[in-house]
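Visitor: Each chain, letter by letter, is given below.
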Amino acid sequence: MTIPMLPFRILVFLLSCVPLALLLLDIATGSLGPDPGQTVTETLGLSALQLLIVTLFMTPLARWTHWSGWIKVRRMVGLFAFFYAALHLMAFLQFILGWTDLWATFTKRPYIIFGSLAFLLLIPLAATSTKAMVRRLGRRWKPLHRLIYPAVALVWLHFIFQARSDITEMVIYGLVVVFLLAIRGYWFGWHSLVPLRAAKRR
Amino acid sequence: MLIKKRPSWALSHSDVTPESVYLDRRRFMGGMVAAALAGAGVPRLVDAAALPIQGESLEFTAMPGFSTDEEKTPYEDVTRYNNFYEFGTGKGDPAQYADEMSVDPWSVIVEGECDRPGTYALEDLVRPHDYQERIYRLRCVEAWSMVIPWIGIPLADMLKRFEPNSRAKYVYFETLHDPDQMRAQRSLFSTIDWPYQEGLRMDEAMNELSFMAVGLYGKTLPKQNGAPMRLVVPWKYGFKSIKSIVKIRFQEERPKTTWEMIAPQEYGFYANVNPEVDHPRWSQKRERRLPSGLLSPNWMETRKFNGYGEQVAHLYKGMDLTKYY
Numbered sequence: 001m002t003i004p005m006l007p008f009r010i011l012v013f014l015l016s017c018v019p020l021a022l023l024l025l026d027i028a029t030g031s032l033g034p035d036p037g038q039t040v041t042e043t044l045g046l047s048a049l050q051l052l053i054v055t056l057f058m059t060p061l062a063r064w065t066h067w068s069g070w071i072k073v074r075r076m077v078g079l080f081a082f083f084y085a086a087l088h089l090m091a092f093l094q095f096i097l098g099w100t101d102l103w104a105t106f107t108k109r110p111y112i113i114f115g116s117l118a119f120l121l122l123i124p125l126a127a128t129s130t131k132a133m134v135r136r137l138g139r140r141w142k143p144l145h146r147l148i149y150p151a152v153a154l155v156w157l158h159f160i161f162q163a164r165s166d167i168t169e170m171v172i173y174g175l176v177v178v179f180l181l182a183i184r185g186y187w188f189g190w191h192s193l194v195p196l197r198a199a200k201r202r
Numbered sequence: 001m002l003i004k005k006r007p008s009w010a011l012s013h014s015d016v017t018p019e020s021v022y023l024d025r026r027r028f029m030g031g032m033v034a035a036a037l038a039g040a041g042v043p044r045l046v047d048a049a050a051l052p053i054q055g056e057s058l059e060f061t062a063m064p065g066f067s068t069d070e071e072k073t074p075y076e077d078v079t080r081y082n083n084f085y086e087f088g089t090g091k092g093d094p095a096q097y098a099d100e101m102s103v104d105p106w107s108v109i110v111e112g113e114c115d116r117p118g119t120y121a122l123e124d125l126v127r128p129h130d131y132q133e134r135i136y137r138l139r140c141v142e143a144w145s146m147v148i149p150w151i152g153i154p155l156a157d158m159l160k161r162f163e164p165n166s167r168a169k170y171v172y173f174e175t176l177h178d179p180d181q182m183r184a185q186r187s188l189f190s191t192i193d194w195p196y197q198e199g200l201r202m203d204e205a206m207n208e209l210s211f212m213a214v215g216l217y218g219k220t221l222p223k224q225n226g227a228p229m230r231l232v233v234p235w236k237y238g239f240k241s242i243k244s245i246v247k248i249r250f251q252e253e254r255p256k257t258t259w260e261m262i263a264p265q266e267y268g269f270y271a272n273v274n275p276e277v278d279h280p281r282w283s284q285k286r287e288r289r290l291p292s293g294l295l296s297p298n299w300m301e302t303r304k305f306n307g308y309g310e311q312v313a314h315l316y317k318g319m320d321l322t323k324y325y
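Protein chains in written order, with my numbering: chain Z, 1 to 202; chain F, 1 to 325.
Please keep in mind that the hints were generated in silico from the structure rather than gathered at the bench. The beta-carbon is built from N, C-alpha and C at its ideal position, and this holds for glycine as well. One thing to keep in mind: the hints can contain errors.
To be verified - Each computed BS3-like pair below joins lysine-lysine, with the alpha-carbon atoms no more than 25 Å apart:
| no. | chain 1 | residue 1 | chain 2 | residue 2 |
| --- | --- | --- | --- | --- |
| 1 | F | K323 | Z | K108 |
| 2 | F | K219 | F | K91 |
| 3 | F | K160 | F | K91 |
| 4 | Z | K108 | F | K247 |
| 5 | F | K304 | F | K285 |
| 6 | Z | K131 | Z | K142 |
| 7 | F | K247 | F | K219 |
| 8 | F | K285 | Z | K108 |
| 9 | F | K317 | F | K256 |
Unchecked claim - Some chain Z residues near chain F, calculated using beta-carbon distances under 7 Å:
| no. | residue |
| --- | --- |
| 10 | G33 |
| 11 | P34 |
| 12 | D35 |
| 13 | P36 |
| 14 | G37 |
| 15 | E42 |
| 16 | L46 |
| 17 | G98 |
| 18 | R109 |
| 19 | S165 |
| 20 | D166 |
| 21 | T168 |
| 22 | V171 |
So that you can see chain Z by itself, here it is in the shape it has in the complex (with noise of 0.2 Å):
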């Protein structure tokens, strides 16, 4: 079976706004309750969060299905996550900050250190993207882009940090996290008994 590429595209891609639309649905309808800012926050961060595991999914998805439509939108779900973490940031820094006391929240409170240090991450990756970019850099990009891992781990540091009591949602989203470095981390240890051509074979 083959499915038409560009579809599929487009799929993801309206997928990927969906998140912004109920946000930006919400905001025109006054239904975000009566601290919209925080909602706002809250939102974009965890969009944020869901877009970069969707991204870790692409590789595992391609092998599992020998289907390499996932690689090809990887790139745009990637790019998604970034944009999110980007508005995520800046609804902090409006909403929540009122851009004051920034010093002291950049440099003493470990969440926001760890949101900070996985959003500084990701945005080599994010302007490494390009199709140019990833010519130029050759051989160095793919360990380069490996720098995901180490983001979604401060990612989820950054969210298990803000935890007040129940961690239930943490604990879920730590287990898928910790399902696909696992993957990633079992690839790297038996690469060379499962290679992506011989699982084609067969």
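We have chain Z already, so just place chain F on it with the hints.
Guide: Here is chain F on its own, set in the frame of chain Z:
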């Protein structure tokens, strides 16, 4: 004869939108714009009256001397934006799930260092007293705040009836613990060791500001706000104002409180509102008075003791409040 040729862009009379439809559309657009502005923080055009006030009407005396004249937080926000972790950590969870709790009949165990311990029915606890309305500021430790018209009785009046003895240095309170009725108490990954526990020093409890609320906005408390009876201690962070109380105990030693047990470096026993002492994860210098908006966030400076210093600052004379936070 002049033949008037009708140009293609000209509309016949029948093409004109009937006035009623036109007006309807304007009204619709107006509604959309109003809604968008509301979300964007321009003062809301739709009043909170949109949500009818639930509960039984209560008779009370307004207490202007104990009330702020600041704008009240609308009823729908007071009752739909809550921290009541027994029903979930989301702000909307209590309004959604508190109905699973039954509050009638309700009794409270009174024990410890007092001459009249026992199990009291709610009616016996509150009926002998006349209800008052006090409009207090409520400052959450999470840096948002509300202004709420509570109905209830002075805590001191209730506690005195139990005749605490000289060994009663502290008073301890406990929330209902019943996982069947409180769904988040069934959570596997909660760090709270239920039941929720709080406490006050005796002189704090006897302060004229300390209040036992049974209602808000003129009617009995909605369940998500701590029905049928909750504490209101307006100079302390909101988590001190324990909800749905089932136990009151007078004791000599200082009780450990729930948040203190979870994160002692973040939440102290006193938990007085204090802009000079940051929460380790965020600043306490300012607060968002709800409802807040996106474009015009309702920021204000947080005041020491939530602005009630005149009535309570003397309780902490000589204490280092950066140590006893």
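Visitor: Now look at each hint and say whether the structure bears it out.
Guide: Hints and how they fare:
1. A distance of roughly 19 Å separates the Cα atoms of K323 of chain F and K108 of chain Z; the hinted pair therefore holds under the 25 Å criterion.
2. With a CA separation close to 22 Å, the supplied pair K219 of chain F and K91 of chain F stays within the 25 Å bound.
3. Straight-line distance between C-alpha atoms of K160 of chain F and K91 of chain F comes to about 35 Å, which puts the hinted pair past the 25 Å bound.
4. Note on K108 of chain Z and K247 of chain F: the hinted pairing is violated, with a Cα-Cα distance of about 39 Å set against a maximum of 25 Å.
5. For the proposed pair K304 of chain F and K285 of chain F, the alpha carbon gap of about 9 Å is at most 25 Å, so the pair holds.
6. Between K131 of chain Z and K142 of chain Z the CA atoms are separated by roughly 13 Å; this keeps the pair inside 25 Å, and the hint holds.
7. Between K247 of chain F and K219 of chain F the CA atoms are separated by roughly 23 Å; this keeps the pair inside 25 Å, and the hint holds.
8. A distance of roughly 15 Å separates the Cα atoms of K285 of chain F and K108 of chain Z; the hinted pair therefore holds under the 25 Å criterion.
9. Of the pairs offered as hints, the one joining K317 of chain F and K256 of chain F holds, with about 22 Å between alpha carbons and a cut-off of 25 Å not exceeded.
10. Taken as an interface hint, G33 of chain Z checks out: its beta carbon lies about 6 Å from the nearest beta carbon of chain F, inside 7 Å.
11. For P34 of chain Z, the interface hint holds, the least distance from its beta-carbon to any beta-carbon of chain F being 4 Å, beneath 7 Å.
12. Proximity of D35 of chain Z to chain F holds as hinted, the smallest CB-CB distance being about 6 Å (cut-off 7 Å).
13. A distance limit of 7 Å between C-beta atoms decides the matter here; for P36 of chain Z the minimum to chain F is near 5 Å, and the interface restraint holds.
14. With a least beta-carbon distance of about 6 Å to chain F, the hint placing G37 of chain Z at the interface is held under the 7 Å criterion.
15. Using the Cβ-Cβ criterion of 7 Å, the hint placing E42 of chain Z at the interface with chain F is not satisfied: the shortest such distance is roughly 10 Å.
16. Because the beta carbon of L46 of chain Z sits about 12 Å from the nearest beta carbon in chain F, more than 7 Å, this interface hint is broken.
17. The closest approach between the C-beta of G98 of chain Z and any C-beta of chain F is roughly 6 Å, which is under the 7 Å cut-off, so the hint is satisfied.
18. For R109 of chain Z, the interface hint holds, since its Cβ comes within 7 Å of a Cβ in chain F; the closest pair sits about 5 Å apart.
19. The criterion of a C-beta within 7 Å of any C-beta in chain F is met by S165 of chain Z, whose closest approach is roughly 5 Å, and the hint holds.
20. Restraint check, D166 of chain Z versus chain F: the minimum CB separation of about 5 Å is within 7 Å; hint holds.
21. Satisfaction of the interface hint for T168 of chain Z is found here, the shortest Cβ-Cβ separation to chain F being roughly 4 Å, below the 7 Å cut-off.
22. A least Cβ separation of about 5 Å between V171 of chain Z and chain F falls short of the 7 Å threshold, and the interface hint therefore holds.
Violated hints, listed in ascending order, are 3, 4, 15 and 16; each of the other numbered hints is respected by the structure.
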